[in-house]
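Visitor: Each protein sequence line maps, in turn, to chains A and B. Under the numbering used here, think of the first position of the first sequence as 9, with each following residue one higher. Under the numbering used here, think of the first position of the second sequence as 468, with each following residue one higher.
By construction, these hints were calculated from the structure, which means they are not laboratory data. Accuracy of the hints is not assured; some may be wrong.
[What the hints assert, rightly or not] Label pairs and their in silico Cβ distance ranges:
no.	chain 1	residue 1	chain 2	residue 2	range
1	B	Phe764	A	Arg233	36 to 44 Å
2	B	Ile749	A	Leu75	26 to 34 Å
3	A	Arg509	B	Trp581	24 to 32 Å
4	A	Gln90	B	Glu521	26 to 34 Å
5	B	Arg739	A	Gln274	25 to 33 Å
C-beta atoms are modelled at their ideal positions from N, C-alpha and C, and glycine is treated no differently.
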Amino acid sequence: MKVALLLLLLLAVAAIPGSLFPQRAADPNGVSQYEADHPELFKVLDAFPLQLFDVYSSVWFSAIYILLFISLIGCVLPRIAQHWRALRALPPKTPARLERMAGFTVNELSNPKASKADASEVAERVVASAETILKRSRFRTTTFSNAGTYSVSAERGYLRETGNLVFHVALLGVLVAVGIGGGFSYQGQKVVVDGESMVNAKIDYDSFKSGRFFDDSTLPAFGVRFDSFDAEYVSPDDGNIAALGKATDYTANVTLFGTDGSESQQTIKVNHPLRTEGAQVYLLANGYAPKLTIRNPEGEVVYDEAVAFVPQDKNLTSLGVIKVPYGLGEQLGLRGFFYPTKAELESGAYTSNYPELENPLLTLDVFVGDLGINNGVPVSAFALDTTNMRQLTGRAIDVESLELKPGQTVELPEGLGTITLDSVPTFITLDVHHNPAQVWVLVFALLATAGLLTSLFVPRRRMWVKAIAQDGGVRIEYAALARGDDPTLQRAVEEFVEKHRATL
Amino acid sequence: MFTSVEEFSMLALYSAMFIYALAFIFHAVDLANRSGQVKPVEQASAGKRPVTRERGSRALRIGFSLTILAFVFHLAATVGRGVSAGRVPWSNMYEFALTATLAIVFIYLIVNIWADLRFLGVLITGLVLLFLGVARVNYYVAVVPLPPALDSYWLVLHIIVAVLATGFFTLSFGLSVVQLMQSRRQRRLAENLPSKTGFLGTLPSADRLENLAYRLAIVGFVFWTFTLIAGSIWAEHAWGRYWGWDTKEVWTFVIWVLYAGYIHARATRGWRGTRSSWLAIIAYSAVIFNFSIVNVFFKGLHAYSGL
Ligand code: HEM
């Protein structure tokens with residue numbers, strides 16, 4: 009028990025660093041940020057013995073919980089055997105002296121005329137009736153007699169130990185189910201613009217992760233088309249200024265294409281994923297995806313796409329990057345802000361003060377030069393590396409940014425061509441998950457809880473009634489013993505004594 | 468209507484805080500007087516008394532009645548907040564503090580039907596007053612509707628079990644603290660050293676306190692287990708994974724494991740008594756840390772403080 013206790017305390021302490029340092033699994037951006045802020049320290053903290061950015065898969069954390077579970081198995085196995093035997097055995101012999109037990113009570117039946125033999129007969133009956141009552145209260149009983157002393161030894165609450173064992177074994181079940189589930193799970197994310205579709209296939213995802221044992225060929229190839237998006241915001245008419253612009257509901261209306269060729273209308277909401285073919289499709293994020301057409305000076309279209317802009321605040325001021333590597337003389341990079349409802353700050357900078365398209369405006373800073381995408385190093389679609397680029401518009405060089413309202417076309421600087429903001433559709437980020445064992449995690453967790461409840465609140469107790477035949481009467485003794493915490497033992501003995509007395 | 472219910476709630480809150488403060492004073496007076504009550508003979512038998520239903524001093528009875536009254540106002544403040552928001556009153560830190568402290572007092576009052584724990588009145592009213600004050604000053608935010616992520620019946624369930632667990636843990640913590648003081652006093656008396664904490668003579672023995680603390684802690688532990696499970700189910704609905712070691716999840720886990728450790732300690736030779744009560748106190752510190760520091764300073768998905 010001491011080992012179990014120390015390991016438990018160690019586990020609690022070991023879990024804490026994971027809340028102090030960003031974790032790769034939960035917060036990959038936080039980890040990159042940490043690396044950028046403290047490059048030297050990062051290397052040390054990230055390396056083998058510390059592994060502070062992967063605490064929960066680190067060697068030391070794993071060692072603790074594996075040791076704990078080994079100790080658990082070592083603990084529970086012998087106790088299962090012992091409990092199995094106890095379940096089939098009779099309660100142990102009545103102790104010779106009951107005086108020191110809990111709730112010790114004496115009750116004398118006297119009849120001066122009775123002989124010792126009569127008294128002995130009464131004593132036997134007394135014990136028999138006690139046994140009947142105990143049996144009725146679900147005690148397991150056995151009786152003893154010896155030279156005019158009769159006794160019943162009773163025990164109940166075996167379920168307490170059963171519960172304890174179920175609890176510990178179920179914890180093991182949780183661990184195994186978590187492990188198996190993780191190994192066979194997958195997770196993919198995809199940004200989908202209004203009217204477009206995604207397919208549940210590895211190549212169609214923007215990012216895809218899967219467990220060690222997952223086989224990509226088992227992915228069910230269902231598809232989801234994003235048809236429309238309903239967002240509800242606290243509007244000025246609602247009268248709650250503090251909450252103005254706060255979202256109260258998001259609903260994505262989609263068409264689901266099953267692998268069996270079926271087609272159905274579905275909705276996906278936060279907290280209400282679409283569940284299909286063993287996978288869940290979550291609505292992870294949403295925002296605006298300005299659709300832009302860029303033409304070269306000859307009027308040929310060199311770019312024609314809707315680009316998801318990443319929301320920066322609750323009013324959906326959004327930041328996005330457009331890269332045009334081909335078709336213009338130089339590579340072109342655009343960094344833009346989109347304001348669904350443009351407002352001007354005192355500083356002259358723009359902001360959005362409402363998340364819906366009340367007064368939409370797109371501003372663009374234009375860069376030309378080397379986008380840095382030709383040398384094979386993967387670059388983020390959401391970042392523009394301007395180290396080898398020349399800025400043509402923007403605050404930094406004191407040239408007004410390009411400004412576009414939907415439907416407008418403006419000239420790119422230096423006669424590069426024109427750019428048109430065709431429309432501003434919404435986009436959603438869908439997150440598809442599959443974990444075949446999560447149901448089992450729940451089943452074991454509930455089993456553990458049931459075990460916990462029985463093991464904590466079912467009292468396990470022994471009770472004894474001893475009747476001693478004496479000259480001129482019978483002396484009846486009552487006593488009990490708690491096994492484990494048992495707040496109501498005393499009262500239980502008292503009640504039993506009352507009940508028994510009534511039968512005499 | 469909108470602002471007036473909110474104003475009503477605020478007024479009820481201030482009244483509740485005022486009455487809690489009075490209750491605190493009366494409970495403190497009661498404890499102070501108790502030192503005088505302990506006769507030298509009783510000193511020797513250091514708190515062997517069982518917790519029996521005694522009327523208690525006048526100050527104690529007034530203090531306890533005031534606590535009930537304050538609870539009524541506190542309840543009104545919390546319900547008022549819920550009504551003015553049109554939803555359950557626990558979706559940001561201010562509201563959570565309001566509800567959690569309400570649960571602490573509620574469970575304190577309920578448990579008093581079963582065992583006389585009024586001697587914890589100073590601690591409970593003091594703690595609740597402190598939390599309410601901090602919440603009002605530092606965490607207050609105007610009523611805003613639920614963001615979509617919190618708009619779920621799991622919010623109702625998950626938080627109800629969490630605040631109930633917190634209530635039981637708080638009482639258990641109070642008893643563990645008194646237990647530590649009591650066992651120190653019992654040790655000193657056994658060695659014939661003077662003890663300045665005379666009022667402890669009127670309280671249950673360290674053993675009895677330990678048993679009570681344990682029983683309340685295991686009830687809290689069961690609720691905490693439900694919190695963990697309900698939270699995981701909700702996380703699966705909202706974020707697509709039932710467990711992801713988000714900071715709040717980490718701390719919920721740490722608290723659970725610490726209390727599991729405490730329960731084990733009681734069954735481990737050499738760990739009963741003072742050691743296990745220290746464990747209970749550490750585990751409760753984690754509960755408080757989880758609510759205060761983690762919510763405000765740690766970043767994570769559970770960004771619900773509304774600050
Ligand atoms: C995964 C780690 C573990 C956790 C979370 C855990 C948790 C608990 C909890 C909550 C209880 C009290 C409820 C009950 O009686 O069922 C308990 C009791 C118990 N555990 Fe564990 N346990 C763990 C590992 C172990 C190990 C390794 C041992 C072996 C030494 C062990 C032995 C016991 C025993 C003997 C009891 C009964 C204590 C009593 O009678 O009061 N546990 N455990």
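Visitor: Next step is simple, just say for each hint if it's right about the structure.
Guide: Outcome of the hint check:
Range check, B:Phe764 to A:Arg233: about 43 Å between beta-carbon atoms, so the 36 to 44 Å window is met. With their beta carbons about 22 Å apart, B:Ile749 and A:Leu75 fall outside the hinted range of 26 to 34 Å. Separated by about 27 Å at the C-beta atoms, A:Arg509 and B:Trp581 satisfy the suggested range of 24 to 32 Å. A beta carbon spacing of about 44 Å between A:Gln90 and B:Glu521 contradicts the range 26 to 34 Å that was offered as a hint.
Checking the proposed 25 to 33 Å range against B:Arg739 and A:Gln274 shows it is violated: the Cβ atoms sit about 57 Å from each other.
Hint compliance for this structure: hints 2, 4 and 5 are broken, all remaining hints hold.
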